[in-house]
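Colleague: As a plain string of letters, each chain reads:
There are 2 protein chains.
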Amino acid sequence: MNKDWIADEMRKMQLQIVKELELLDGQEKFNEDPYTREEGGGGVTMTLANGEVLEKGGVAFSKVFGPVTEVMKKQMNLNGKAFFATGVSIVLHPYNPFLPIIHMNVRYFEMDNGEFWFGGGIDLTPHYIDPKRAGVFHRQLKEICDEFHPDFYNKFKKGADDYFFLPHRNETRGVGGIFYDHQNDTTILPKEKWFEFAKRLALSFPKIYAQQVQMGINDTYSEQNLAWRNLRRGRYVEFNLVHDRGTKFGLVSGGRTESILLSMPPQANWTYQYTTELNSLESKTLASLSKDIDWVSM
Amino acid sequence: MNKDWIADEMRKMQLQIVKELELLDGQEKFNEDPYTREEGGGGVTMTLANGEVLEKGGVAFSKVFGPVTEVMKKQMNLNGKAFFATGVSIVLHPYNPFLPIIHMNVRYFEMDNGEFWFGGGIDLTPHYIDPKRAGVFHRQLKEICDEFHPDFYNKFKKGADDYFFLPHRNETRGVGGIFYDHQNDTTILPKEKWFEFAKRLALSFPKIYAQQVQMGINDTYSEQNLAWRNLRRGRYVEFNLVHDRGTKFGLVSGGRTESILLSMPPQANWTYQYTTELNSLESKTLASLSKDIDWVSM
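Protein chains in written order, with this note's numbering: chain C, 187 to 484; chain E, 187 to 484.
Quick caveat, the hints were computed from the structure, so don't treat them as lab data. Each residue gets a CB set at the ideal place from its N, CA and C atoms; glycine is no exception. You may find that some hints are simply not true.
Said to hold, decoys possible - With a straight-line Cα cutoff of 27 Å, these simulated DSSO-like cross-link-like pairs (lysine-lysine) come out:
#1 E:Lys-377 with E:Lys-393
#2 C:Lys-259 with E:Lys-260
#3 C:Lys-434 with E:Lys-341
#4 E:Lys-385 with C:Lys-434
#5 E:Lys-215 with E:Lys-341
#6 E:Lys-344 with E:Lys-215
#7 E:Lys-377 with E:Lys-215
#8 E:Lys-189 with E:Lys-379
#9 E:Lys-341 with E:Lys-379
#10 C:Lys-318 with C:Lys-328
#11 C:Lys-434 with E:Lys-477
#12 C:Lys-267 with C:Lys-470
#13 E:Lys-385 with E:Lys-344
#14 E:Lys-260 with C:Lys-260
#15 E:Lys-477 with E:Lys-434
#16 E:Lys-189 with E:Lys-434
#17 C:Lys-198 with C:Lys-393
#18 C:Lys-259 with E:Lys-434
#19 C:Lys-393 with C:Lys-215
#20 E:Lys-260 with C:Lys-434
#21 C:Lys-379 with C:Lys-341
#22 E:Lys-377 with E:Lys-344
#23 C:Lys-328 with C:Lys-470
#24 E:Lys-393 with E:Lys-205
#25 C:Lys-477 with E:Lys-434
#26 C:Lys-434 with C:Lys-477
#27 E:Lys-205 with E:Lys-385
#28 C:Lys-260 with E:Lys-259
#29 E:Lys-385 with E:Lys-341
#30 E:Lys-434 with C:Lys-260
#31 C:Lys-318 with C:Lys-377
#32 E:Lys-205 with C:Lys-259
#33 C:Lys-379 with C:Lys-328
Said to hold, decoys possible - Residues of chain C clear of chain E, computed beta-carbon distances all greater than 10 Å:
#34 Asp-219
#35 Ala-271
#36 Gly-300
#37 Glu-333
#38 Glu-424
All chains should be modelled from the sequences, with the hints used to inform the complete structure.
Modeller: Shown next, in the form of structure tokens:
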């Protein structure tokens with residue numbers, strides 16, 4: 187299982203996911219935009235805009251390598267002199283405010299000194315939180331995690347709660363999901379199994395999102411629901427630009443800006459001191475943006 | 187000239203600016219939102235939404251003090267144990283795409299060990315750059331600077347070019363202006379004059395913006411112009427959340443989020459790989475987003 191093979195597999199996962207998301211959208215196709223990186227490697231950024239379900243979607247594959255720069259050393263604590271990284275990243279922004287934003291990422295790192303590690307996760311950001319739908323999502327993740335290790339779901343669910351958090355708003359980004367990073371312990375799982383876990387997550391992604399779409403697609407919405415969606419998208423922007431390690435690292439280390447900022451919503455709004463009505467769906471959503479909620483039993 | 191007097195003066199500047207901006211808008215009034223800060227001090231945030239000229243405007247006054255925390259020590263290189271800071275910050279987002287976004291800030295810092303300094307600046311972010319209008323703006327700034335010191339305009343104009351820059355886009359935020367920070371050299375100007383410079387800038391601000399509005403207010407615009415405005419607002423968001431020192435510092439140090447993010451546009455859009463037509467106003471604008479342009483002679 188060498189690094190180039192893993193990258194090839196990642197690219198196949200991207201194509202499979204794109205195919206299924208096109209079926210899910212039913213109207214628009216993804217556009218394919220390959221690029222090369224001066225220092226080594228490149229990627230293929232696939233984007234869809236103004237679909238039937240998806241207002242904006244991005245599925246990005248990358249396989250990059252080269253010398254470890256000073257900024258990488260400092261920000262990522264890397265020991266070796268040269269790195270190799272490959273992965274698939276997805277963010278989908280649906281049009282209907284009652285459908286959730288979703289994000290997935292699986293990645294593999296390898297250093298010239300032989301170190302390697304896996305990272306990844308899936309998290310859900312509903313504009314309106316419905317505990318039942320969040321429960322469906324978390325049970326799907328738990329099922330996958332349980333196939334690999336009995337501790338994974340709890341551990342990585344906490345990882346998502348801690349990671350997808352906006353301290354300046356005292357809000358989680360959404361209902362979380364799972365998030366893991368820097369996993370290289372072969373006493374927990376052999377390397378092949380770490381890879382299979384990532385692959386299983388990636389290939390389950392379209393079905394997981396299809397389930398969310400199925401549950402919400404017939405919900406009707408008003409102008410007020412759209413306005414709220416746009417405000418929540420603003421929070422998504424805040425998280426990604428202020429806190430997200432991948433975004434920050436990419437932007438400061440000279441990554442490909444348009445691919446990194448694929449995660450930005452098509453539109454986001456900010457209103458000073460937007461207030462929600464007591465017992466409204468909006469205020470119930472705000473009240474559910476906290477860590478440590480046991481979504482699996484909802 | 188003690189610190190409380192300076193803060194009182196800052197508050198008066200805020201009120202004067204708000205009065206003149208209300209006349210300029212002609213339709214909406216600013217809403218006044220006072221708050222206190224647990225650790226000491228507070229502020230008054232004044233906001234206007236959906237005016238005739240201004241889609242969103244914020245004029246914020248603050249006077250805050252308290253112990254220097256670890257995060258402040260690290261991020262701001264502060265030596266003393268307690269700090270005092272007061273200032274006025276403005277960001278205006280006009281509706282018409284042919285009117286520019288404008289930002290102004292004047293601030294005063296004092297430490298318990300007697301150190302003090304001034305900072306501030308005004309910069310202009312046109313959605314569409316018109317060199318003549320940028321020239322008017324820069325000549326107004328130069329005139330004010332020249333009243334205080336022959337070197338100020340060139341020095342602080344360079345300060346703005348360097349500060350209001352998005353490395354990940356290789357673009358300046360707009361046409362710059364002036365920016366200065368940590369000014370405490372009383373051999374250049376006595377302390378009173380440093381304060382007067384700040385006051386002169388603040389009180390000139392409404393006239394400077396009124397001039398821009400007068401030049402552009404009758405420009406008609408299309409849906410395409412509005413779409414471009416929203417994309418440029420997206421860049422404004424990127425600068426403020428990724429690079430702006432004040433925003434970053436405020437968010438990580440537990441500042442008042444809604445007041446810090448007053449600078450966010452009412453709406454911003456992101457489109458993957460938005461392309462501009464050759465020789466269009468949009469591509470000419472992109473070509474002008476660079477440092478070291480001699481706007482004064484335009």
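Colleague: Hint by hint, note whether the structure agrees.
Modeller: Hint check results:
1. E:Lys-377 with E:Lys-393: OK: Lys-377 (chain E) and Lys-393 (chain E) at ~26 Å, within 27 Å.
2. C:Lys-259 with E:Lys-260: holds (20 Å)
3. C:Lys-434 with E:Lys-341: violated (30 Å)
4. E:Lys-385 with C:Lys-434: The given pair, whose Cα atoms are some 36 Å apart, is violated under the 27 Å limit.
5. E:Lys-215 with E:Lys-341: Not satisfied, since the Cα-Cα distance of roughly 36 Å exceeds 27 Å.
6. E:Lys-344 with E:Lys-215: Judged against 27 Å, a Cα distance of about 35 Å means the pair is violated.
7. E:Lys-377 with E:Lys-215: violated (35 Å)
8. E:Lys-189 with E:Lys-379: holds (15 Å)
9. E:Lys-341 with E:Lys-379: Distance ~17 Å between Lys-341 (chain E) and Lys-379 (chain E) Cα, so the pair holds.
10. C:Lys-318 with C:Lys-328: holds (15 Å)
11. C:Lys-434 with E:Lys-477: Given that 27 Å is the threshold and the Cα spacing comes to 24 Å, the pair holds.
12. C:Lys-267 with C:Lys-470: violated (50 Å)
13. E:Lys-385 with E:Lys-344: holds (21 Å)
14. E:Lys-260 with C:Lys-260: holds (16 Å)
15. E:Lys-477 with E:Lys-434: holds (23 Å)
16. E:Lys-189 with E:Lys-434: holds (25 Å)
17. C:Lys-198 with C:Lys-393: holds (17 Å)
18. C:Lys-259 with E:Lys-434: It holds: about 22 Å lies between the C-alpha atoms, which stays within 27 Å.
19. C:Lys-393 with C:Lys-215: Answer holds: Lys-393 (chain C) to Lys-215 (chain C) is near 18 Å, not above 27 Å.
20. E:Lys-260 with C:Lys-434: This hinted pair holds, its Cα atoms lying about 19 Å apart.
21. C:Lys-379 with C:Lys-341: Holds: Lys-379 (chain C) and Lys-341 (chain C) sit about 17 Å apart, inside 27 Å.
22. E:Lys-377 with E:Lys-344: Measuring from Cα to Cα gives roughly 23 Å; hence the hint holds.
23. C:Lys-328 with C:Lys-470: holds (25 Å)
24. E:Lys-393 with E:Lys-205: holds (12 Å)
25. C:Lys-477 with E:Lys-434: holds (24 Å)
26. C:Lys-434 with C:Lys-477: Holds. Lys-434 (chain C) to Lys-477 (chain C) sits at ~23 Å (cutoff 27 Å).
27. E:Lys-205 with E:Lys-385: Holds. Lys-205 (chain E) to Lys-385 (chain E) sits at ~16 Å (cutoff 27 Å).
28. C:Lys-260 with E:Lys-259: holds (20 Å)
29. E:Lys-385 with E:Lys-341: The hint holds at about 19 Å.
30. E:Lys-434 with C:Lys-260: holds (19 Å)
31. C:Lys-318 with C:Lys-377: Cα-Cα ~35 Å, so violated.
32. E:Lys-205 with C:Lys-259: Violated, at about 51 Å.
33. C:Lys-379 with C:Lys-328: holds (17 Å)
34. Asp-219: Its Cβ does come within 10 Å of chain E, the nearest being 7 Å, so this is violated.
35. Ala-271: Check passes; 19 Å lies beyond 10 Å.
36. Gly-300: holds (32 Å)
37. Glu-333: Check passes; 35 Å lies beyond 10 Å.
38. Glu-424: violated (6 Å)
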